[in-house]
Amino acid sequence: MDKQDFVIRFAGEGGQGLVTSADALSRAAAHAGYFVQTHSTFPSQIMGGPASSQVRISTTPVLNSGDGVDVLVALNQYAYDHHHQDLNVGGVTIYNAEEYELPDGGDYFGIRADELAKSTGNARAANMVSIGAVANLIDFDLRQIDAFITQRFTRGRDGDDEIIEANIKAVRLGSEVATDAGFKVGKLLAPDPPDYEQIVVTGNAALSLGATAAGLEFYVGYPISPATTVLIWMENNLWGEGRFVHQVASEIEAINAILGAGFAGKKSMTATAGPGFSLMSEGLGLAWMAEIPLVVVDVQRGGPATGLPTKSEQSDLYTCMHPAHGDIKMPVLAPGTIEECFYAGALSVNWAERYQGPVILLSEFGLAERGENIRRPDLSSISTESRTLVNQEDNGKRYDSWDGTTPLPGMPIPGGPGAYVANGSEHDEIGDTTHLPRHHIRLTQRRFKKLDLLNGAHYEIENVDDGVIIMPWGSSKGPAREAYDRLRASGENIGWLYSVALHPLPDEVKQVLDSARKIIVPELNYLGQWSSLLRQEGYPAESITQYTGLPFRPADLVVSIRERITVGATV
Amino acid sequence: MSKRNPEYDFAWCPGCGDFGVRRALQVALENYSTEHEEPQANNIVVAGIGCSGNMVHLVEGDQPFGLHGIHGRALPISFGVKMAKPELNTVVVAGDGDFLSIGAEHIGPAANRNLDVTAVVMDNGVYGLTKGQSSPTTDYGAVTVSTPLGKIETPISPLRHYMSIGVTYIASYYSSKPRVLAKLIQEAMNHRGFSIVHVQSPCTTYNDTYEILKGKPKEGIKGLAYDIPEDHDPTSVQAANDLLDRPGIPLGVIFKYEGKTLQDRYQELQSKAPSKTNEQLLDSYLLKV
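Quick note, the sequences are listed as chains A and B, same order. Numbered according to this note's numbering, the first sequence spans residues 1 to 571. Numbered according to this note's numbering, the second sequence spans residues 1 to 289.
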């Protein structure tokens, strides 16, 4: 059966090269001109524990990790027991015959990958044996894998040729096992390679690239899953004159350090996850109150407390909107695809500069380490905004009243004119503490009025005339979009609304919400956080929630959205 | 800024030690600026929360930049300021509660980095702004509003703590002689690395220690404070530790060590660090077909 789309999952124990296998297969497919998306799940430990890594290969851009699995490579009995039920009809399991046996007659066959790899003279080629078997099952052209292997291992070293030869042989041996077993899962359609340049990148790398493209100069952070790779990226790349990158002693140090740097004129950022974000609460309040530009990336994981450090959840939305005590509502950008991670990374830096305040970039585990091939961003299309600086003509009053009818007054920078005190206590025009009502009133209004400056984030509006609209946020966009497409194809009259900016919402999005009859929000949390925030604004929103630690499956969403369309509002 | 700002609504109690420290800081900032031929705007004062933190609003004359942040976090804020603008003079002002209780976790990292900032710590042995609770330097057994039956923790020894954790300039003084204190603060500003000037700054309302510090010379009663002997060698770790073994409050420079600062170390890395343009960074992810 010809298919445009296959999901291949490698399951076993952490440290068995699962991610390496999925990555190699995805890169080979991307090289061949397919669109790919990887997704991994693993326990929070250095080695071992049940883990899996999968790749979805398609002739069109991949929106999500898919419904089920077409080929499962199960490296131990536990992996087989726990992933077998995810197989699609017609799917096949390749099991590790060196580890365990399964009774005759099922939708599976065994492979002795280590043994076959050793026979090639390269014991490390075992994952290529598995990949060869997988390729055979979906009729993926082995020469495409050869080309990838040749490129990957041509490193100008002695022995490159031997390694390439052994890996290519390993692929053939794996493929022969599948032929002998007599299984076929389908035939992957020929690719339709895009005519534009592509990069293969994860969400965390994409947002780092985006922020850097907008002129990020100062990054400090503290390791925490799943945000650590942003720190690693910055430590490797944010170098050069006028830049600074450092690992500090805690998230409290991190937020306060970027606050000091933002005050001193630098475009500053840190990245963290839930527990670290909680520690940054007070510092974020100070940044809002003293009006210091900075960006905090929250890569969500399951919460509360330590929660599920390496699982997908969208449950930090409340805390990102209102991270600190007092009258605060932060700007929040929540990208939903790898490509959006890049552009939101850039926009978050620009927003912070534009409105002279803190911005939250809300990512998630489901995006952080997922690899995807995307169009190479055109840097000439990225604007790099810098805060306006105080000049001689200004009255030198940093905290003057502001009603939005004039440009936001410039910000004084230490070493330059306009010395003032950046103050977390309520203050007067030059930053001295005062508790007089008129100052608290005018500055509270100023701080909220500045949010009007924040626009330009990506949004999507389609078929909204009938009034029933599906509005996902963050990474739930992918499965929701596939569900939406299937529902439209089956004749359901349903609209699509999506916004990377969750606060402030673009005017165009608000207009749609104003006239919507029902807004259905698929989101990965228990409380239905986004729909409740929409209801708070008076919009008729209701959630489809899931809190399994896993992303939505499009097929499940098709069912649950259809129920909501027919049953009527159940707010 | 108070003199030109009638709406500023904070005041220290009459006789507060912080007046003397304010005077000393002001003189030190002015003299430092003159010495280095720089405008006052090249100085940044980062303050925490407490009576001491209000220092940042009370400097008179030409104004430095200020940041009045949150309780305990003046050091990490100053770290960000300093690494963003290494050429500017960054000073932290904090109290004993601010610096040694809620903010104590930041002293170690600042010392490890040898961060080139100067901390002026005003120690009055009490939480004054919240009206008289016990602080890390309050004596064992002391009765305060939050220890009505007596404090059951032993007090921290700040100078020993700084010494053991690797602070590279440590001075101790009291608030009563602002001109001498100013010289110490200026010397600390000129020190390349993390410097702390720990000042006994009595709280006349909740913990008036003037007499304990200075004694009653006319009646022949000795105070706790004593001038550090002229033959003390502050570059010697042994001498500094010996000094801190003596009872009393030493007045003067206890220890100083000129080593590489964080900027120095960072600069060394910069010279061998990769520097890629944004285009090159993107290209490193190119899908090569």
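Don't take each hint at face value.
[Stated by the list, open to error] Simulated crosslink set (DSS-like; lysine-lysine; CA at most 27 Å straight-line):
no., chain 1, residue 1, chain 2, residue 2
1, A, Lys184, A, Lys169
2, B, Lys288, A, Lys3
3, A, Lys187, B, Lys216
4, A, Lys169, B, Lys288
If you are wondering where the hints come from, they were derived from the structure by calculation, not from laboratory data.
Here's how the hints hold up against the structure:
1. A:Lys184 x A:Lys169: holds, 21 Å
2. B:Lys288 x A:Lys3: The hint holds at about 25 Å.
3. A:Lys187 x B:Lys216: violated, 98 Å
4. A:Lys169 x B:Lys288: Holds, at about 23 Å.
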